[in-house]
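Residue numbers (my numbering), protein chains in the order written: chain A, 729 to 882; chain B, 729 to 882; chain C, 729 to 882; chain D, 729 to 882.
Where hints are given, some of them may not hold.
If chains are identical, the list can't say which one is meant, so a pair holds when it fits in one copy or spans any two.
Think about it this way: if two alpha-carbon atoms lie no more than 25 angstroms apart in a straight line, the pair counts; the simulated SDA-like pairs of lysine to any residue are [to be verified]:
| # | residue 1 | residue 2 |
| --- | --- | --- |
| 1 | K832 | G734 |
| 2 | K855 | D804 |
| 3 | K823 | D804 |
| 4 | K832 | P733 |
| 5 | K832 | T864 |
| 6 | K740 | R761 |
| 7 | K855 | R806 |
| 8 | K855 | G746 |
| 9 | K855 | N758 |
| 10 | K740 | Q836 |
| 11 | K740 | Y814 |
| 12 | K832 | R806 |
| 13 | K832 | F794 |
| 14 | K855 | F794 |
| 15 | K740 | E840 |
| 16 | K740 | N853 |
| 17 | K740 | N777 |
| 18 | K855 | E793 |
| 19 | K740 | G775 |
| 20 | K823 | V778 |
| 21 | K855 | R868 |
| 22 | K740 | L819 |
| 23 | K832 | G775 |
| 24 | K855 | Y814 |
| 25 | K740 | E769 |
| 26 | K823 | G746 |
| 27 | K740 | I786 |
| 28 | K855 | E840 |
| 29 | K740 | M776 |
By construction, these hints were calculated from the structure, which means they are not laboratory data.
Number of protein chains: 4
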Amino acid sequence: MSKDPGDWLVVKRVVRFGETDAAGVMHFHNLFRWCHEAWEESLERYGMNVNDIFPNGIEKDENLEFALPIVHCQADFRLPIITGNYLDLILYPEKIDMWSFQVKTQFQREGENVALGLIRHVAINAKTRERCPLPTPISRWLESSSIDLGPRPL
Amino acid sequence: MSKDPGDWLVVKRVVRFGETDAAGVMHFHNLFRWCHEAWEESLERYGMNVNDIFPNGIEKDENLEFALPIVHCQADFRLPIITGNYLDLILYPEKIDMWSFQVKTQFQREGENVALGLIRHVAINAKTRERCPLPTPISRWLESSSIDLGPRPL
Amino acid sequence: MSKDPGDWLVVKRVVRFGETDAAGVMHFHNLFRWCHEAWEESLERYGMNVNDIFPNGIEKDENLEFALPIVHCQADFRLPIITGNYLDLILYPEKIDMWSFQVKTQFQREGENVALGLIRHVAINAKTRERCPLPTPISRWLESSSIDLGPRPL
Amino acid sequence: MSKDPGDWLVVKRVVRFGETDAAGVMHFHNLFRWCHEAWEESLERYGMNVNDIFPNGIEKDENLEFALPIVHCQADFRLPIITGNYLDLILYPEKIDMWSFQVKTQFQREGENVALGLIRHVAINAKTRERCPLPTPISRWLESSSIDLGPRPL
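Generate the whole structure from the sequences, applying the supplied hints.
Structure, rendered in structure tokens:
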């Protein structure tokens with residue numbers, strides 16, 4: 729695959745008014761929504777059909793044998809983020825072991841780090857809820873995201 | 729049934745900081761979350777098991793033959809609502825026809841109307857997504873909520 | 729101004745997993761978040777600095793003499809919306825009178841109407857909270873959005 | 729003060745349908761909303777006026793000289809949480825140094841640990857955004873919450 733990881737590992741986002749609180753800045757837990765949505769956009773731009781990865785009530789659901797629950801997440805907030813800010817979200821996916829992985833997301837505004845988020849998933853069988861090997865599409869995305877990429881500072 | 733509808737048709741709520749925006753007041757769409765949560769609390773206090781009404785990924789889900797999608801909702805906002813406000817939510821459920829119903833929620837602060845929300849649901853078969861008669865627990869709750877109650881102004 | 733209103737009155741959005749509920753479809757009140765965010769994106773693409781319109785805790789806040797609270801909103805839901813759906817949001821702004829306006833947002837998926845949202849704002853003085861004439865940037869955006877546009881069906 | 733810390737350090741919460749996602753379980757980032765709301769309820773039950781602690785657009789705002797931005801947060805998820813679950817939220821506040829503190833929140837369902845959240849705040853001057861000593865009401869609440877309490881396992 730000759731695609732450039734930059735194509736699917738950097739996502740852009742503009743901060744919206746409803747994401748702020750009465751202190752006038754982004755309300756903290758929206759960061760995790762942004763992290764998850766950036767990961768979804770990354771999978772999509774890599775070439776996945778998100779309905780092969782996330783369950784839904786209408787299409788394909790029957791065939792989804794796995795789920796990817798979140799077991800841990802964390803965030804650091806360095807600078808206040810306000811309505812209208814343009815953010816670059818740089819994703820750092822990492823396989824942890826055969827049944828789990830994590831995605832760090834570095835948030836930058838005009839090149840400056842403003843926040844950092846991390847979400848850790850484990851793969852489970854959707855019926856038994858026992859852990860299982862990472863599903864193929866996730867493994868492929870993880871592999872392509874780390875290959876070619878070279879060391880990236882965090 | 730000798731329970732007093734007041735027991736399950738008035739719900740209390742305190743406004744929290746994360747529900748405000750940078751204008752310093754409650755961000756508008758939280759009102760709909762409050763309406764839905766008040767309805768859930770009402771069903772529960774009436775004596776329902778919410779897992780007989782709402783699907784979930786773990787328990788009982790297999791047996792739920794219906795869904796209750798929302799087809800319309802609306803809200804009017806009269807006075808600003810801020811962090812720490814104590815609100816009384818007064819529910820006015822109403823059967824529309826054999827397959828649909830709505831719940832109006834009047835929001836009061838110290839007896840004064842501050843906002844009004846309305847959510848309209850239709851019953852459908854969860855598999856075919858064709859409309860179907862209101863499920864029995866919802867019919868019972870609707871009936872008990874209108875009987876005994878007498879006229880209530882809105 | 730020779731810009732084409734189409735440039736700032738049609739916004740795209742992909743539905744994300746966290747916007748669904750356990751019924752497997754988009755949870756209803758997210759529609760209002762989408763409407764508001766589409767309006768913000770429209771203002772921005774029209775050429776506004778959103779910090780001239782929405783308050784924030786860091787920049788320019790001191791100078792914002794007006795606020796634009798929402799007094800009414802409503803939505804109709806026609807078809808289920810699921811994770812990964814590509815939606816076109818078509819905005820229909822409308823001046824109501826000298827101190828209020830509304831924005832209808834038509835949601836389409838592959839040309840088919842799936843939902844409709846509407847948000848009505850009134851302009852107030854941020855200090856006194858008395859209503860006031862629509863601020864200039866909003867008036868300009870409303871005018872440009874209706875001029876040139878010709879009749880559009882809804 | 730002879731109040732029992734148990735009075736303000738254990739909060740109850742029922743999981744609502746809109747807090748789930750299409751995998752049928754609680755969508756992860758709601759946990760942080762619950763942590764923050766539990767902290768607000770704790771302050772209130774301890775005897776605080778939340779408008780002395782959180783800014784708002786209407787009352788008292790002028791006098792709030794400090795803000796309490798979040799600099800770090802994290803969560804661990806152990807068991808799936810579904811609609812209708814009754815949760816006990818047990819708060820473990822801790823002063824870190826003269827300008828920062830954190831609150832751990834243990835989530836239990838029928839005595840079993842299902843999740844753990846942690847939020848760390850720093851006190852800053854609301855105008856200069858330089859860090860400042862913890863405001864008196866927060867110091868008092870932290871002190872009362874650790875005194876009398878004895879060792880509590882986590």
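Quick rundown of the hints versus the structure:
no.	hint	result
1	K832 <-> G734	within (15 angstroms within a copy, 37 angstroms between copies)
2	K855 <-> D804	between (35 angstroms within a copy, 22 angstroms between copies)
3	K823 <-> D804	both (21 angstroms within a copy, 18 angstroms between copies)
4	K832 <-> P733	within (15 angstroms within a copy, 37 angstroms between copies)
5	K832 <-> T864	within (21 angstroms within a copy, 36 angstroms between copies)
6	K740 <-> R761	both (14 angstroms within a copy, 18 angstroms between copies)
7	K855 <-> R806	between (40 angstroms within a copy, 17 angstroms between copies)
8	K855 <-> G746	between (37 angstroms within a copy, 21 angstroms between copies)
9	K855 <-> N758	between (30 angstroms within a copy, 24 angstroms between copies)
10	K740 <-> Q836	both (10 angstroms within a copy, 23 angstroms between copies)
11	K740 <-> Y814	both (7 angstroms within a copy, 17 angstroms between copies)
12	K832 <-> R806	both (15 angstroms within a copy, 21 angstroms between copies)
13	K832 <-> F794	within (22 angstroms within a copy, 31 angstroms between copies)
14	K855 <-> F794	both (8 angstroms within a copy, 21 angstroms between copies)
15	K740 <-> E840	within (14 angstroms within a copy, 28 angstroms between copies)
16	K740 <-> N853	neither (33 angstroms within a copy, 31 angstroms between copies)
17	K740 <-> N777	both (20 angstroms within a copy, 18 angstroms between copies)
18	K855 <-> E793	both (7 angstroms within a copy, 19 angstroms between copies)
19	K740 <-> G775	both (18 angstroms within a copy, 19 angstroms between copies)
20	K823 <-> V778	within (19 angstroms within a copy, 38 angstroms between copies)
21	K855 <-> R868	within (23 angstroms within a copy, 33 angstroms between copies)
22	K740 <-> L819	both (11 angstroms within a copy, 23 angstroms between copies)
23	K832 <-> G775	within (20 angstroms within a copy, 33 angstroms between copies)
24	K855 <-> Y814	between (41 angstroms within a copy, 24 angstroms between copies)
25	K740 <-> E769	both (10 angstroms within a copy, 14 angstroms between copies)
26	K823 <-> G746	between (34 angstroms within a copy, 23 angstroms between copies)
27	K740 <-> I786	between (29 angstroms within a copy, 22 angstroms between copies)
28	K855 <-> E840	between (44 angstroms within a copy, 22 angstroms between copies)
29	K740 <-> M776	both (19 angstroms within a copy, 19 angstroms between copies)
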